[in-house]
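Could you put together the complete structure from these sequences and hints?
There are 2 protein chains.
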Amino acid sequence: MSAPFTQPTHADILSAAARIAPHAHVTPVLQARSLDDAAGCALAFKAESMQRGGAFKFRGACNAVYSLEATIAARGVVTHSSGNHGGALALAAKLRSLPCHVVVPEGAVRSKLAAIEAHGAVLHRCAPTIAAREAMCAQVQRDTGADLVHPYADARVIAGQGTAVLELLHARTLDAVVVPVGGGGLASGTAIALAAIAPQTALFLAEPAGAAETLLSLQRGERVTDFTPDTICDGLRGTLGEPNFDILRAHGAEVIAVEDDATRAAMRLLFQRAKLLVEPSSAIALAAVLAQPARFAGKRVGVVLTGGNVDPDALPW
Amino acid sequence: MSAPFTQPTHADILSAAARIAPHAHVTPVLQARSLDDAAGCALAFKAESMQRGGAFKFRGACNAVYSLEATIAARGVVTHSSGNHGGALALAAKLRSLPCHVVVPEGAVRSKLAAIEAHGAVLHRCAPTIAAREAMCAQVQRDTGADLVHPYADARVIAGQGTAVLELLHARTLDAVVVPVGGGGLASGTAIALAAIAPQTALFLAEPAGAAETLLSLQRGERVTDFTPDTICDGLRGTLGEPNFDILRAHGAEVIAVEDDATRAAMRLLFQRAKLLVEPSSAIALAAVLAQPARFAGKRVGVVLTGGNVDPDALPW
Chain A
1 MSAPFTQPTH ADILSAAARI APHAHVTPVL QARSLDDAAG CALAFKAESM QRGGAFKFRG
61 ACNAVYSLEA TIAARGVVTH SSGNHGGALA LAAKLRSLPC HVVVPEGAVR SKLAAIEAHG
121 AVLHRCAPTI AAREAMCAQV QRDTGADLVH PYADARVIAG QGTAVLELLH ARTLDAVVVP
181 VGGGGLASGT AIALAAIAPQ TALFLAEPAG AAETLLSLQR GERVTDFTPD TICDGLRGTL
241 GEPNFDILRA HGAEVIAVED DATRAAMRLL FQRAKLLVEP SSAIALAAVL AQPARFAGKR
301 VGVVLTGGNV DPDALPW
Chain B
1 MSAPFTQPTH ADILSAAARI APHAHVTPVL QARSLDDAAG CALAFKAESM QRGGAFKFRG
61 ACNAVYSLEA TIAARGVVTH SSGNHGGALA LAAKLRSLPC HVVVPEGAVR SKLAAIEAHG
121 AVLHRCAPTI AAREAMCAQV QRDTGADLVH PYADARVIAG QGTAVLELLH ARTLDAVVVP
181 VGGGGLASGT AIALAAIAPQ TALFLAEPAG AAETLLSLQR GERVTDFTPD TICDGLRGTL
241 GEPNFDILRA HGAEVIAVED DATRAAMRLL FQRAKLLVEP SSAIALAAVL AQPARFAGKR
301 VGVVLTGGNV DPDALPW
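Chains as they are written, first to last, in full-length UniProt numbering: chain A, 1 to 317; chain B, 1 to 317.
These aren't lab readings, by the way, just hints derived from the structure by calculation.
No experiment lies behind these values; they were computed from the predicted model shown.
Careful: at least some of the hints might be erroneous.
[As the list claims (entries may be wrong)] A few chain B residues that face chain A, going by a derived Cβ cut-off under 10 Å, partial list only:
no., residue
1, R33
2, G54
3, R268
4, Q272
5, L276
6, V278
7, L305
[As the list claims (entries may be wrong)] Listing some non-contacts, in silico: residues in chain A with all C-beta distances to chain B over 12 Å:
no., residue
8, R96
9, R220
10, D226
11, F227
Here a beta-carbon is modelled for each residue, glycine too, at the ideal position from N, C-alpha and C.
As structure tokens, this is what we get:
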């Protein structure tokens, strides 16, 4: 049982910022001159890899968990997630002392599952299809009465994710912002915030070429859901959510499709030059800038490095 | 030909801060709550790994290069270095368009040599002993008239390194500061700055157990120079400089000797929890805190993460 979806507004993002402030980090905005030289533009990295739980996902999860009325909250929360959202929800629930259930598809990254369990959530394994995930979620909801906190098609989550770009624009004036797009929670929250506070700042979405259904969906004007993702970016294999599609279409965000090789190279560059450990699903945003230099030449470009939950024994090079 | 050594003062550190400000980064001060939990204290990481050239060494090198009068500067600069100082001096010389010579011992880290060459310095290879390094340096000085910028026994370098803790204390009030010690440039610059602006803040020096001659030297009250370093910390294999010894002895810094296994574990922790890539020679400072928890319990502890120049293909785990 979910409430009907109402698009979050900029006011909801501001409320989210206030709600999560006691719990979330204001993450640093970092620069690396040698990367500016490589990209031909002035890059500002919003290091959400240093957010609690190691990813921006804590913003949305925390906003959702602390939005719940006490009686509903007591029944706990549930979600399905291949990784960072699950860990973030588990952490947020632990902070509020609520039960948390996470439905995880087979094949999820081991270190991310360990993080979910470390925060005391109950894992429910299922087949790696969206149908299996949703069915298992519904079952847990029936069994426990837990509130569903969808990883991206949830207004509270979208509002929470929108807080990252508020902080970024508080620190820097920018001509463009680049964020990765998977389910579209961060992308749509960012679009709403930018429209309200910096309408002249262009929004670009970096999407794996092997899972570029957001690009297709926005081109066709209708949501494409029938595709098989093939990408190293484990956080971006999901399908763009329906409300997320509506928000992104309305805001005119532009998608840049990026090959995995370029993403791998960007991840290594961030490692060598900026000394930052980020996931492939984050490095893709820098890769998008490097892939289309003419588009960003001489500009001030904000790049959201969404997460850093990488297994140190399985670096992709 | 070097000028006789005069100990730098706090005023020299302030001058260095002003001199390097147009060129050096004010590096971020970062936190990671899960590391605070692990350490039992509030850690503030000064991320000199994000300094230009990837290490704090740029501060001292830049101060030295920009201190030179034009006629002397035109003859260039020379140093001996197994890595980061050489790269830093090469970068600083390039910024001022001066020739730069770097004497490097065999066995130095490959990626650090590549960085020195990438900045256009001339490499001079020699045997890996301090005598061979100094002889080759003297030869280059005779041949070129270049000014020697010693990696740590140089007042300009010590003053430059002292600027890092100024920034750290500007950002945070601290009960203790922990820095790694090798030749002692950073350690002695930090000691001078702390004595002037935060005399109540304790200074701890993290030193590899396999190269713990600073510990011995301060215990004995005389400089120990006869030892063979055996440590993963390639930046800390050098011998504490004579002026550095005098400064550290006068300021009463305390040394914590750290085993390489603890340093390796701390490097991995910073990687996994803080998403930061640092060298073993930097991770040792966190390892020192974790090794002696009683000493730091409940305190506000600044840790200087001195550099991040690690070969991504040769992570030590």
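Status of the hints after comparison with the structure:
no.: 1; hint: R33; in the structure: 6 Å, holds
no.: 2; hint: G54; in the structure: 7 Å, holds
no.: 3; hint: R268; in the structure: 6 Å, holds
no.: 4; hint: Q272; in the structure: 6 Å, holds
no.: 5; hint: L276; in the structure: 6 Å, holds
no.: 6; hint: V278; in the structure: 7 Å, holds
no.: 7; hint: L305; in the structure: 9 Å, holds
no.: 8; hint: R96; in the structure: 16 Å, holds
no.: 9; hint: R220; in the structure: 37 Å, holds
no.: 10; hint: D226; in the structure: 35 Å, holds
no.: 11; hint: F227; in the structure: 31 Å, holds
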